[in-house]
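**Student:** First to last, the sequence lines map onto chains A and B. Position 14, counted from 1, in the first sequence is what my numbering calls 14; the numbers after and before it change by one each time, with no gaps. Position 171, counted from 1, in the second sequence is what my numbering calls 171; the numbers after and before it change by one each time, with no gaps.
Any given hint could be a false lead.
Intra- or inter-copy, both count: the list cannot distinguish identical chains.
Pairs of lysine-lysine residues, derived as DSS-like cross-links and limited to a Cα-Cα distance of at most 30 Å, are as follows [said to hold, decoys possible]:
no., residue 1, residue 2
1, K153, K19
2, K60, K155
3, K111, K208
4, K60, K144
5, K98, K144
6, K98, K153
7, K208, K144
8, K185, K60
9, K208, K185
10, K98, K185
11, K111, K98
It is worth saying that the hints were derived from the structure and are not from the lab. Being a predicted model, the structure only gives us computed values, none of them experimental.
2 protein chains.
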Amino acid sequence: MSTQRGLLIVLSGPSGVGKGTVRSAIFEDSNCDYVYSVSATTRQRRPGETDGVDYFFISKEGFEDLISQEALLEYAEYVGNYYGTPLASIEESLSQGKDVFLEIEVQGARKVRERMPEGIFIFLAPPSLNELESRLTDRGTDSKEVIARRMNKAKEEIELMSHYDYVVVNDQIHTAVNEINAIIKSEHLRVERVMNSIQADINAYFEKEANQS
Amino acid sequence: MSTQRGLLIVLSGPSGVGKGTVRSAIFEDSNCDYVYSVSATTRQRRPGETDGVDYFFISKEGFEDLISQEALLEYAEYVGNYYGTPLASIEESLSQGKDVFLEIEVQGARKVRERMPEGIFIFLAPPSLNELESRLTDRGTDSKEVIARRMNKAKEEIELMSHYDYVVVNDQIHTAVNEINAIIKSEHLRVERVMNSIQADINAYFEKEANQS
Chain A
1 MSTQRGLLIV LSGPSGVGKG TVRSAIFEDS NCDYVYSVSA TTRQRRPGET DGVDYFFISK
61 EGFEDLISQE ALLEYAEYVG NYYGTPLASI EESLSQGKDV FLEIEVQGAR KVRERMPEGI
121 FIFLAPPSLN ELESRLTDRG TDSKEVIARR MNKAKEEIEL MSHYDYVVVN DQIHTAVNEI
181 NAIIKSEHLR VERVMNSIQA DINAYFEKEA NQS
Chain B
1 MSTQRGLLIV LSGPSGVGKG TVRSAIFEDS NCDYVYSVSA TTRQRRPGET DGVDYFFISK
61 EGFEDLISQE ALLEYAEYVG NYYGTPLASI EESLSQGKDV FLEIEVQGAR KVRERMPEGI
121 FIFLAPPSLN ELESRLTDRG TDSKEVIARR MNKAKEEIEL MSHYDYVVVN DQIHTAVNEI
181 NAIIKSEHLR VERVMNSIQA DINAYFEKEA NQS
């Protein structure tokens, strides 16, 4: 069968839900063969960081060129630095049949959906808002008012869930990882992704038969 | 969270592809918690068969009552006996949140899709038509002409695949079983199935907050 195009997997969800932890657990599995999408940034490289692994470290001018060339899937500015997702490397991996994994906050995911609606969008949700509140309270770093504001933000972000394809609840990490892997496996089996190669097999078989008779 | 309604899983595919073998392997797994949909039939019970397990054994009049009451999801007649899928037990299991598993030939699956379009339809395909031909030839029971007719029938059935949601290739049985389980797991995570219970959690949390302040 011909190689199927890779899938763009977008994992997002409210801050504090554990996106980074779940993504790390997925990539720690030795059977994992997704490609992690490396972001570009204009911030300075920190000790221990490797260019092309942790980030693509580029100049402000270089980044603004990428913006004007529409070469970024999405980008944002935080505290004077740009962060963005380069399209070229994603496109290359997808066309080689590799699945590309993107972990991104809710606003970024929205922009990605506009550019690549065919992606698989997975929303990571907390087990409950009570549980999210307990986690924030137990950290002991935020005042009651700050926690209330975070909870309102979480509510708004969770209500954007309808723009996603799947919801995975991050209660037990290994369960969340298994569920994300099941989603990716099953998406590859969707009839519209498999049909062409099976039809090609049918055509080849009956052409061969016709030539023999 | 509230209990999600169960899913109707329909496994179908051309004859000879190994539907029964794959279904058995799924139900042999001790973790399997799908309900197998037991068919009704008017044929005589054979030694070793149990009513309500292998089939519901009913009279011809009883079966025709079910037909006129539209109490069957689908039915067919083979060599003078009726075979059909009773709706009531399926509906009961689904409303209890249990997934119901149906293994059925291609014509029956088409009728089920008309009655319950919300089901998850999985097409079991042979690894290739060459492979299917080899299997039929190796059995040594059919003439060249019969095999050619079977291959044409398989072609027609495979081309109905576009009416399904997923295609699983039956090359290695354990791979096919894993893929079917992944499909069922991921379908439970689709946003439209999870959204209501998460929205209910949000509402409960903010009502509680409002009452406390």
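**Student:** List in ascending order the numbers of the hints, as given earlier, that are violated by the structure.
**Tutor:** Those not satisfied are hints 2, 3, 4, 5, 6, 8, 9.
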